[in-house]
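Asker: Here's the letter readout for the chains.
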Amino acid sequence: MRFIEPHAHMVSRTTDDYLSLATAGCEAVCEPAFWAGFDRGSVEGFEDYFNQLTAHEPLRAAKFGLPHFTWLCLNPKEAEDLKLAAEVIEIIPKFLDRPNVLGIGEIGLNRNSRNELKAFEMQVDLAARYRQLILVHTPHLEDKLKGTRLIIDALKSDRRIAPERVIIDHVEEHTIALALDAGFWAGMTLYPESKCTAARAIDMIEAYGPERLWMNSACDWGVSVPLAVPRAALEMRRRGHSAAAVDRMLYGNPAKFLGQSPKFKLAAD
Amino acid sequence: MLAAVGSFLNSMTRRQVLDLYFVEARSKLVDVAAFLDRAQRADGADDFRLRSFRAALNQLNAGIPDRARRVLESLSDPTLKPIEVAGNKSACGAWEGAKATKMKSKG
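The listed protein sequences derive, respectively, from chains A and B.
Letter by letter, the first sequence follows residues 1 to 269 of the working numbering.
Letter by letter, the second sequence follows residues 1001 to 1107 of the working numbering.
These are calculated hints, taken from the structure and not from any lab test.
Fair warning: this is a prediction, and the values are worked out from it, not measured in the lab.
Each hint should be verified, as a subset may be incorrect.
Claimed, not checked - 20 Å max Cα-Cα, derived EDC-like pairs, lysine to aspartate or glutamate:
1) LYS1081(B) with ASP158(A)
2) LYS83(A) with GLU1084(B)
3) LYS1089(B) with ASP39(A)
4) LYS63(A) with ASP17(A)
5) LYS256(A) with GLU27(A)
6) LYS1028(B) with GLU235(A)
7) LYS118(A) with GLU1084(B)
8) LYS1028(B) with GLU193(A)
9) LYS1089(B) with GLU80(A)
10) LYS1028(B) with GLU173(A)
11) LYS1028(B) with ASP203(A)
12) LYS1089(B) with GLU193(A)
13) LYS1081(B) with GLU121(A)
14) LYS118(A) with ASP81(A)
15) LYS1089(B) with ASP81(A)
16) LYS1081(B) with ASP153(A)
17) LYS263(A) with GLU27(A)
18) LYS1081(B) with GLU80(A)
Take the sequences, apply the hints, and build the full model.
Answerer: Here it is in structure tokens:
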């Protein structure tokens, strides 16, 4: 079995997790920028983080033969301070040419506030101006439905944005159709306590078909499972899905979306 | 809404679904029952989370498909207007209501 982990916060994980991923058949890992669990106090803090994502983490992954790709942004949990947000967004372009940067992400909303939405729109504009792919974080729990609607409205109102170059991540049963119907890709995050289980993710694949869907672990410093994606493959096989169907969901689909960036290269390429 | 394409992969019979998932679902059902017992035994009043939880339970036995979607929707903020300020970073799992959201965002 081969798979791509399209959303993992490896800076928060141990080196053992890289070993586990590589052993399980992972062929690439992709790391969106996110919240560290605390608010960074300065633009220099973000600059250090972007350097970590674009210079240090690829070396850590390479020790296990894993290509490491990343997405850069100001995450929505730190968007309430719009002055700092604007300063952070201003430094992002100087990192966009680095070889492992795939696009802008994970941008989005957290509590659905006005400033979060402004910071989101600023970063959609950044992505449009620099012709970058976009990876979108949708809010948690009771905020997800409203946030997904606001996000999709904002994306659709910007005529420069091609839906097929945007993935709306962390969809669940009440938001998946919103993303797919509007022409976006949709990501299903496999978490033990929130978002969705492997069984539910596979239910959604069966209900909506395999087009424009991927699964990810979004493993980070919280309760999460770096091997959630290969475990979902086992769940697909338990249901009787073919090896080809599993390969499409775990490898083909993420490769198709991510391959829209010319920087996304796999060892087999 | 996109048409369901249930024929893509799902070839399990109902018997196979039950063989694969019944015991797991039973376990989760008992967990829900135990949670409600625990909450009932505890001192104090219900809050909006428990009321929302009970309302969501009604979706399960209605005999209508798309239960997961409807449960999630019943726990969701249905409004479309952004809140003024994100007073905290964490969602709690159920929507407290428009008035409470407005007050929180001010705080």
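Asker: Could you run down the list of hints and mark each one as holding or not?
Answerer: Hints, verified against the model:
Taking the CA atoms of LYS1081(B) and ASP158(A), the gap is about 19 Å. The hint holds against a cut of 20 Å. Annotation: proposed proximity of LYS83(A) to GLU1084(B) holds, straight-line Cα distance about 17 Å (limit 20 Å). Taken as a hint, the LYS1089(B) and ASP39(A) pair is honoured in the structure, with Cα atoms around 11 Å apart against an allowance of 20 Å. A hinted pair counts as satisfied when its Cα atoms are at most 20 Å apart, and LYS63(A) with ASP17(A) qualifies at roughly 12 Å.
Taking the CA atoms of LYS256(A) and GLU27(A), the gap is near 14 Å; set against the 20 Å cutoff, the hint holds. Between the alpha carbons of LYS1028(B) and GLU235(A) the distance comes to roughly 18 Å, so the proposed pair stays at or under 20 Å and holds. Between LYS118(A) and GLU1084(B), the direct Cα distance comes to roughly 12 Å. Compliance with the 20 Å bound is thereby established for this hinted pair. Between the alpha carbons of LYS1028(B) and GLU193(A) the distance comes to roughly 12 Å, so the proposed pair stays at or under 20 Å and holds.
Restraint check for LYS1089(B) and GLU80(A): the C-alpha separation of about 10 Å stays at or below 20 Å, so the hint holds. Taken as a hint, the LYS1028(B) and GLU173(A) pair is honoured in the structure, with Cα atoms around 19 Å apart against an allowance of 20 Å. Of the pairs offered as hints, the one joining LYS1028(B) and ASP203(A) holds, with about 18 Å between alpha carbons and a cut-off of 20 Å not exceeded. For the suggested pair LYS1089(B) and GLU193(A), the alpha carbons sit about 18 Å apart, so the restraint of at most 20 Å is met.
With a C-alpha separation of about 16 Å, the suggested pairing of LYS1081(B) with GLU121(A) holds against the 20 Å cut-off. Our distance criterion of 20 Å between C-alpha atoms is met by LYS118(A) and ASP81(A), whose separation comes to about 11 Å. Simply put, LYS1089(B) and ASP81(A) have alpha-carbon atoms about 13 Å apart, close enough for the 20 Å limit, and the pair holds. Restraint check for LYS1081(B) and ASP153(A): the C-alpha separation of about 12 Å stays at or below 20 Å, so the hint holds.
Our distance criterion of 20 Å between C-alpha atoms is met by LYS263(A) and GLU27(A), whose separation comes to about 15 Å. With a C-alpha separation of about 16 Å, the suggested pair LYS1081(B) and GLU80(A) falls inside the 20 Å cut-off, and the hint holds.
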